[in-house]
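S.K.: Protein chains in written order, with this note's numbering: chain A, 1 to 235; chain B, 1 to 291; chain C, 1 to 250; chain D, 1 to 338.
Everything labelled a hint here was simulated from the structure, so no lab data went into it. Check the hints yourself; a few may be wrong.
[As the list claims (entries may be wrong)] Coverage of chain A stretches by chain B, computed from C-beta distances (three or more under 8 Å per stretch; other residues unrestricted):
hint	stretch
1	64-73
2	83-93
3	101-112
Positions of the beta carbon are idealized from the N, C-alpha and C atoms, including for glycine.
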Amino acid sequence: MAMLEVEKLNAWYGPSHVVHDLSFAVEEGEIVALVGRNGAGKTSTLRAIMGLMPRAEGRVAFDGTSLLPLGAHARFRLGLGYVPEDRRIVPGLTVRENLELGLVAAGRTDVGAAIDEIARSFPRLKERLNQQGTTMSGGEQQMLAIARAIISRPKMVLLDEPSEGIMPVLVEEMGTLFRTLRDQGTTLLLVEQNVEWALKLAGRAIIIDQGEKVYESSAAALLADKDIQDRYCAV
Amino acid sequence: MDLELILMQLFSGLALGAILVMVALGLTIVFGMLGIVNFAHGALFMVGAYAGLWVAAQTGSFWWALLVAPIAIGVLGMAIERFLIRPLYGRSPDDPLLLTFGLGYVLVESVRITFGTDGIPFSAPEALQGVVDLGVGYFPLYRLFVVGVVALVLLLLWVALEKTRFGLIVRAGARDPLIMKVLGVDVGRLWLLVFGLGVGLTALGGVLAAPMRNVSPEMGTLVLAEAFVVTVIGGMGSLLGAVVAGLLVGIAVSMTALFAPEMATIVMFALMALILLVRPQGLFGRPGAGA
Amino acid sequence: MTAIMSVTDVGRSFGGFVALAGITAEFERNKVTAVIGPNGAGKSTFFNVLSGVLAPSTGSIRFKGQELKGLKQHRFAHLGIARSYQITNLFPHLSVEENVRVAAQALRTRYDILRHRESYPELPQKAEAALAQVGLLHRRGRRARDLAHGEQRALEIAIALVADPELLLLDEPTAGMGPEETKDMVALIERLAADRTILLVEHKMKMILGLSDRILVLHHGRLIADGTPAAVQSDPEVRRVYLGQNDGYA
Amino acid sequence: MMSTTELAAPGALPAHGPVSAGRALDRWRVPLTVAVLCVLPFVLPSQALAVNVLIYGLFTVGFNLLFGYTGLLSFGHAAFFGAGAYLTGMSIVHFGFGWLGAMLTGVVGASLLSAVIGALAIRTRGIYFCMVTLALAQLVYYLALQASGWTGGENGLRGFTVARAELIGGFSVNLLDPLQKYYFLMVFAALALWFVSRVLNSPFGAAIEAVRENETRARACGFDVERTKLLSFILSGALCGLAGTLSALHLSIVPLDALSVHTSSIVVMMTMLGGAGSFFGPFVGALVFLLIEDVASLWTSHWQLIVGIVFILFVLFMPKGIWGSLIALARREGRAPR
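Here chain A stands alone, though its shape is the one from the complex (with noise of 0.2 Å):
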């Protein structure tokens, strides 16, 4: 049994139809790259699959129970995380305090020692753990929104554009936590504009445009078609 299954998916964002009958599985352990371009329906999918669209329909099955009658918390606590696109890092808080937000569902106790724990794959967080979260640069507070997601280790995340507008060496870095996380057992869904390197971490690879699913292939045949690319994916 897939980890997260989609089928025929349907979500609304007021009047506009933005995802259409969307179909695909991911399975547990896999990176799935999600990808297409600006408006294409992708940050909508996530939203849809997290229960953040004001409404959406169809199934979505996370590993057995289905997802869609619950609310978000209820999906989270599943074993689900999201990293939205906008990183929303709460402001007025340390990055302590984000990042024990990460633990308040788990209602884990050692909340100290998960801290160290996720510190020690985050070097650049450990010496600004009492810092302002927002005060931080872009690329921080990304890295900062992926620790908060992980702390209490989810079966899956759902990741939207997390290079978006970072430095280039914060992005390999972050390439190389996603792997890391897959060897050891998280299951990710990718949605990227930064193409080739998600096809690059990622295992299969889903197009989506006009929020219908027109591709599915593995990410070493999608990397090496390049005119699919230039179709659905050139910016």
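On the provided structure of chain A, position chains B, C and D as indicated by the hints.
M.R.: Coordinates of chains B, C and D only, in the frame set by chain A:
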């Protein structure tokens, strides 16, 4: 005019201000979290006072009233959030405001039906009557008690917000409900609790205020306007602002009463107008946060 | 002097956070200038300062020799500076035509309470012309909120255009557009650039390279490069912080 | 291809009203309202009710200009209604003004007051604005309460019955006759309605719509948003002042309650019941509100409970109000064939 009189008046302003702090805190906590202004807040203050009156009459104890009434009215507040306000999330921000405003009418009229339209005196328990000598002068014991209770509540609130996990959730949820949702927090339930807390605070203010003034169905109207003045001066959504501005207004009113009694009710509005001119976001408000 | 707008040592901070630090640049008349940079580089702040939404904390902005610092935002429009928004920002319940007409009216009459609003025949004409320019004439009776995304973007431009501004500030005009729509928008911008100055913030590198006469690159609130597309593209600092190893994708 | 057919008939491109009946209604809105007002004393259960619909309807029209059309929700409009009433009464009691001078004093005074309160209040936005207007109106209330030598304090202002209004040419109206008084007051209400209709059709009317729809965009287009709001606030205050003036002439007393939160509340409720932002909404709302009050107060002294509940139900289930919902319905049906 001797110093003792001024001190006494200052102190009486502190007690008045302490009540305002309770009301304004409730208002501003709910606003900070849910982004709505509860126009029934004054009416719930009044209902709190009546609930205190009723509990005291049933049990014969002011202490039970002080404990039970705020909790009961807080639960009523949760019911209001759940059944009346929740359907309005996602609509125009004016809608919850208008609804609670209509609710204020219903509450006032219901109290009139149940308890009559005339004011009812409510006396402080005997243990708290009389005056106490603080070295610099004699102060009414009950007012001292009010200031003490409010200080205690503020301390508890501060600890709860700054030192506990619940507080962390509340602070973060006030800034960004969406991220709390995707981190597994049931934001709807959080809002329910916070609304109940805000209403409970104003009800506590009502019970505390009851022995200092007549309990009447109209007592909430003035308090609502006062709480608005305090929040505008302090800065909407700022808890520190509510405390500072509440005490400031209480003292300003009571000092004016000493020197120019006819101006006492007017001075706070003048203070608000002044703040609007020089600092429209309030003393502790963030620029752009509504102003 | 060919610069229509000149920015001298402009800075802007929020509380303790410095969003823009000492930017100095000149925008030449009838040229297209693009501002790029990673997220959080200060592009939006810069754009908001140039369009009067935010007052600069330091420095000066001159438009045709006049100092803009200290002017209220609506005055910018009257001087001939118009802007579009990245996130569609229309009058949602008004019709397409009304959206544009009311924008045209802002520069003609604002407080007249006694004449009929239809007694200004030039306003509908101007609105029609602006709508024709962006290809929206056939939608004039539709409510703005009922338009498709691309059409809303076009209306966004029409509203800015109806004032016939000398300086047009475009905030990511092709955000969320497909390649066809992007191509149309680029063509439109090229047409508009014939006789007015355009400054745009964009994400799509390829589009900028082909369209702009000049590119400014912001990073951490500072101007790290300013030159022709070719010069900026080969600038090592720009490659390091923004373009990365693989060109084309930002 | 679509575009050519539509271009051929530019006249057939109405802004919001695809229904031609709706447009006709719009064009004839002032005469229609006045015609209804003319027959009101004969169709309503009492003439007292008719006069109240007239006065509160006008009050609501003034309020609606600010709330419905400019998008600013004030909870302090009693200040302008009360100021109009008090200044009218005071200029007769203390200065012996004639009816016309007293009315002018009332309207001009209310406008000045709204300029002051408006200038302070528009420095804030949204929820803040509601709170500030309410608080500033309370300030006016307490001022009137304290200045009892001028205003009569808690007892209200009494003793200024205007029995007869002299007109030019030797004509006069007997204000002790209810029907004559009604039509006399109605003339002013009709003039005010004509004025409001004019304002709504003017470029300024377009400006306030733009500000309501999208303040940010309006500012970028070149509208001075603050000044537009202030002007709208003053016009609204002036109209509410006129309503207060009429109320003073009608009642021959001014109760302190005219300045109270309760009076500010009534106008908000009437607007919501009728439908904010529509021309006929205010009178519909005033009529419905006063009818509920009239009927409910027959069998309970706690009619406010019923009003409160009805109001809550409207906010929950019919936020566009009665007239607003009718318009929405008609528009949907009118659009269907397209």
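S.K.: Counting residues of the stretch 64-73 of chain A with a beta carbon closer than 8 Å to any beta carbon of chain B, are there 3 or more?
M.R.: With 3 residues in contact (Cβ-Cβ under 8 Å with chain B), the coverage given for the stretch 64-73 of chain A holds.
S.K.: Quick one: see if chain B covers the stretch 83-93 of chain A, three-plus residues with Cβ-Cβ under 8 Å.
M.R.: Our answer is that it holds, as 6 residues pass the Cβ test (under 8 Å) against chain B, meeting three.
S.K.: Mind taking a look at whether chain B covers the stretch 101-112 of chain A? Criterion is 3 or more residues with CB to CB distance under 8 Å.
M.R.: holds (count 5)
This entry satisfies every hint, going by the numbered hints stated previously.
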